[in-house]
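A.B. asks: Okay, here's what each chain looks like letter by letter:
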Amino acid sequence: MATLEQSAQGSDPAETEGGARRRDFLNVAAVSFAGVGVVAVALPLITQMGPPADVLALASTEVDISKIAAGQAIKTVWRKQPVFIRNLTPTEIQEANKVPLSELRDPQTLAERTKPGKQNWLITLGVCTHLGCVPLGTGEGENRGPFGGYFCPCHGSAYDTAARIRQGPAPKNLMVPDYEFVSDTTVRIG
Amino acid sequence: MSFAWAKPYEPKAPLMRWLDERLPLPRLVYGAVGGGYPVPRNLNYWWNFGVLAGLFLMIQIVTGIVLAMWYYASADGAFNSVEHIMRDVNSGWAIRYIHMNGASFFFIVTYIHIFRGLYYGSYKAPRELVWMLGLVIYLLMMATAFMGYVLPWGQMSYWGAQVITGFFSAFPLVGEPIRVWLLGGYAPDQAALTRFFSLHYLLPFVIAAVVILHIWALHIPGSSNPTGVDVKDEKDTLPFHPFYTAKDGWAAAAFLTVFAAVVYFAPNYMGHPDNYIPANPLATPAHIVPEWYFWPFYAILRAFTVDFILPAKLWGVLAMFGSILLLFFLPWLDKSPVRSGSYRPVFKRFFWLLVADVAILGFCGGAPATPLYVGISQLAAAYYFAHFLIILPLVSALERPLPLPDSISSSVLHGEKKEAAPAGISPRRGATAIAE
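From first to last, the protein sequence lines are chains X and S.
Mind the numbering: the first sequence is residues 1 to 190 in the working numbering, read in order.
Mind the numbering: the second sequence is residues 1 to 436 in the working numbering, read in order.
Next comes chain X alone, as it looks inside the complex (with noise of 0.2 Å):
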């Protein structure tokens, strides 16, 4: 065996191989090994932090959605999130469908956020697209902004008919979760 000093000198012949020594690949070696060992220590630290198998599980929800008259809106909720349902009036829709594209921010009609031929269900995530406040306007004689949508009280952002976002700091449009009508009076949403 060679010891630490003739290794360190390079002297003996049989330690150097293409220029690195034993040493340095036996340092490489152990060193690299002590990374991967760290990565998969760290791994399930932090990965556990994600959402557990209970919360993925709540992914989707059934809706009955019979006693939303024309004009009413309901609050549910979905992932722990609120969702709002609105039943959407012919003039509403009207509205909606006058904007003209160039005139929003985040451009999408009403058809592309509803589905085909129920075009009065207007289903998206009551979570303000600004810092995630819940936006006014399900309730009856809540206040609706300017656009006759959704109002967020926290910092003003005001939703139209579609509940596209038309004023305030808030990017984007409430998101549309997926959904499907199950029968004419259930939706399933996630």
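These aren't lab readings, by the way, just hints derived from the structure by calculation.
No residue lacks a Cβ here, since even glycine has one placed at the ideal position from N, Cα and C.
It is possible that some hints are incorrect.
Examples of chain X residues lying across from chain S (beta carbon under 8 Å, computed) [what the hints assert, rightly or not]:
1) PRO51
2) ALA53
3) LYS80
4) LEU131
5) VAL134
6) PRO153
7) ARG188
Using the hints, position chain S against chain X.
C.D. replies: Below, chain S without anything else, positioned relative to chain X:
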């Protein structure tokens, strides 16, 4: 550590000698905060606030440990457990009000401590690391305070957590996954509450550890002083004990009197009534504001309203973090060799402008986001960045400082002839500056 004339630790009792040879802990304490640490003799009252900050850290840890014996971090029970502490637990109301207001007072003394450092140039060589470690403590304090405010699970707690974790969603692509990862769900819930409690309990001890590094780094060059002139010999210093232990003790008693007055007579003055409403994920309070010590940063966050290359929301978040990260570069932005603002006539004016600017930002951050207050915040935020990035480098290059005293002792003894002269007889003129 520190100076050659620092008194060495000499244990007299046999037990202390026995201990010193085996575990020299008393020697460490003696050298750190005892007779073995020489301190400039001219420190004014602004130098008491470091010790006061340490005192409030202790108050928070002690009251916090006791509160954790009664609090439970459950989304269903957290609010009620806090009310239980307030109504049923023996002295619970006092302990919680002390903890709640202790956080505010911790920030008050820390802000005074930071502005003292800014005025007297305490961030300059050789104390750059003292300053930077202090900023690390400040960042940890903000994280701890934010998470602590979430724990009662009232309306402001809940929506504060929603808005603050919402900052991360401003970053493109990675933002939303990071937010969900931080919360352990899609909205604040049990997972977020439990982890905030865990970290809120952990971070104060991390702060205590960084405080030890902060003091260690400070004790290498020794404390700065109001003249900013380096210590030259023993005449310039006094041992920490008994001189500064006495002065710090006096300041602590005075400040705790103010603290007690607030705890007993206006305990909710700095809080928000909305936080006495249990958290409701389906209704946002009309006016969400963070605690007062975050207001200046909240104003900077809201000052960005126009998309310019990046979305306005991302600019706001970047500027808010940038306003603190900027301070890490302060030792290299202000290149003036003169430390103390007392000898820098131009710097001094801009210092007070900065104080006013931060106060204005704070006021706007606490006000509703009307166009007027947002407009004022925009001006004040621009001035904040201009102060550090434009004004300070220019001032330090162009300013002509006043002549510095030869030494701390000559500055202290300045005017002593006049004070020592018999009444009615004025001392010789012109012989004031240099003391014997």
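A.B. asks: When the structure is checked against the list of hints, which entries are broken? Sort them ascending.
C.D. replies: Those not satisfied are hints 2, 7.
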